[in-house]
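Novice: Keeping their order, the protein sequence lines are chains A and B.
Per this note's numbering, residue 1 is the first one in the first sequence, and the count goes up by one each step.
Per this note's numbering, residue 1 is the first one in the second sequence, and the count goes up by one each step.
Derived by calculation from the structure, the hints in this document are not laboratory data.
Predicted model, so just to flag it, every value in this text is computed and none were measured.
All residues carry an ideal CB built from backbone N, CA and C; glycine is no exception.
Treat the hints with care, since some could be wrong.
Covered stretches of chain A, as calculated for chain B (at least 3 residues, CB under 8 Å) [claimed, not checked]: (1) 161–173; (2) 186–196; (3) 265–271; (4) 288–301.
Cβ-Cβ distance ranges computed for the label pairs, FRET-style [as the list claims (entries may be wrong)]: (5) B:G24 x A:A212: 51 to 61 Å; (6) B:A34 x A:P282: 56 to 66 Å; (7) B:N160 x A:A213: 43 to 53 Å; (8) A:I314 x B:G24: 42 to 52 Å.
Facing chain A, from chain B, some residues (calculated, C-beta under 7 Å) [to be verified]: (9) N143; (10) N160; (11) A167; (12) H168; (13) E173; (14) H176; (15) L177; (16) L185; (17) Q299; (18) S300; (19) S301; (20) T302.
2 protein chains.
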Amino acid sequence: MQYIQPVNELTNAESVIVGVDVGGTKIAAGIVDAHGQVIGQVMTATDTQDPERTLHSIASAVRECIETAGIAPARVRAVGLGIPGMVDPERGVCLLSVNLNWQNVAVRSWLEQELNLPCVIDNDVCAATLGESIYGAGRGARNMVYLSLGTGIAARAIMNGQLYRGAHGMAGEVGHLVVMPDGPLCRCGACGCLEALAAGPALALSAQTAIAAGQETQLKSYLQRQGTLRSEDVFAAAADNDGLALRILRQAGKHIAYGIYLLAMTFDPQIIVIGGGLTMVPSPLLIEMRARAEYLLAQSSTSRTMFSAETLCISSMGRDCAIIGAAALVARSNGQHTREKQ
Amino acid sequence: MQYIQPVNELTNAESVIVGVDVGGTKIAAGIVDAHGQVIGQVMTATDTQDPERTLHSIASAVRECIETAGIAPARVRAVGLGIPGMVDPERGVCLLSVNLNWQNVAVRSWLEQELNLPCVIDNDVCAATLGESIYGAGRGARNMVYLSLGTGIAARAIMNGQLYRGAHGMAGEVGHLVVMPDGPLCRCGACGCLEALAAGPALALSAQTAIAAGQETQLKSYLQRQGTLRSEDVFAAAADNDGLALRILRQAGKHIAYGIYLLAMTFDPQIIVIGGGLTMVPSPLLIEMRARAEYLLAQSSTSRTMFSAETLCISSMGRDCAIIGAAALVARSNGQHTREKQ
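The whole structure should be built from the sequences, with the hints applied where relevant.
Specialist: What follows is the structure, given as structure tokens:
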């Protein structure tokens, strides 16, 4: 990318990257060092009233994060941004983001002018995939898949050492794979998509539906108190051994396992890294997901060749994953990670 | 590959490649010109008694094909071989081929010594995928998937302009994806694999099972006459409007469509080319396959972005597909097709 200058050995050793996780409700900006460690971060609410206000809140978060960390602006090599939506990374334009209410927003040029720093943007799952590939569990793997489980479900793959986008930038969109044809309606228009069955909002909705149908659960009191349920509530209730919450998480884990099975059989990766909001705590979802994926992949001699218990791993980056991924966009584009040079 | 010498402009214009389809029952060797046209071929039975006899029958086929075509041996640039099984193309070794009864056979070195010609070997589906990518329907597509429907079912993908093999050389092995958990036993040990439901032998077996259960069909007379059924019989009976044969082919088409759906959703290819023995004639299998794949991919706004009627096409190479694919291994390894340079 043209704005990023080659950095000499000395400067490089001292330089940092600002990684920005641009979410629909909050923006997290962090200082990331050469080892992929977040050495300081700030968080702010996302102003989605209009695109320019959103861009202003991003710029403020970046500035604040640099100031708070006490880093001299000259030490910041570049800013990487992971955006939830369709992104044209070459042109630096966000084509569409439902969460941010963006359509054809020239993010890179606006921010570069405002911040006077080179910027790199990409889709957030692409960014997280690169983050795991450069700094995380996928380090050293020429072929890996990253599966993000959160408000949405999506995967991306590193193939022959390169991020693979597909013909329409949609490769790995297993969240919208129909796995239960008579399942619940998904926001994409299909019924029974993996996302409509197992993403964060689906877990909360399942609980609300069960409560409405008269099922006994401690989630009822959460609902009465809050007026609505979040996936976090389901995880909390499951940790407290609530029967409904346990059933919901196990069922979701089973559906996700099928997605993992398909990703393994098509991409044949060395490693599948699972990350995102639903993986932050050990839970029956992750236990069931692993057990079921191992069962599915043990069925055939073909898949047994491709898969062992070590193939599947949970990201160890936790909540920093999105910031580190955004920083990885810069590391990659600068050729720091030679496997990713394109 | 080290044995292949660079060819100068003049020689290149006149040189040909010998492409060899090494099957479990027959070996077909053909002369392929620079445009991927088969300009002459010979066919011989495969002697699978021991690996050396098989190699001798391959060498004989190559020699005979060159002689029959009246080509001066100096004009033959190299020999490409597509082998049904696990192949290490770098070392030129076939690791395992159940059909050929081969295990760790150093195919390339043996043939190069015997024929005094450079040889390139690879898995037959990899070869066919390259063939479609270089000379066929996938020409010009940076991302394509080739799905082979025959005695087995398998797919391979071209991604970012390169053949993608995966971590264990198994990427695209959708033939052993379980699509009906209570389905028939597959040779891989699983039940209800796509291959056990829709590959050639499965079609013949379905018909035999139905006849044993007392179903009326003209295939009964085929069975009485031949003692067994082949998939070709099912296609012939369907062409004659036999009810059972039509049902079997439609059902197979429906199962294959699910495989196409998964390949589209994971790889997001520009084009999906379908080839192999089951695609040689227009049939209810292909009609149902297309209709069902289009239905599945029309369900979600996400998949609609990725798929149009033009995405799916049937190979136009017919029975020459395997020979042309084998020749493509040479064309690719020699950098003739720059997109494929690795």
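Novice: Against the earlier hints, flag every one the structure doesn't satisfy and list their numbers going up.
Specialist: Number 16 only.
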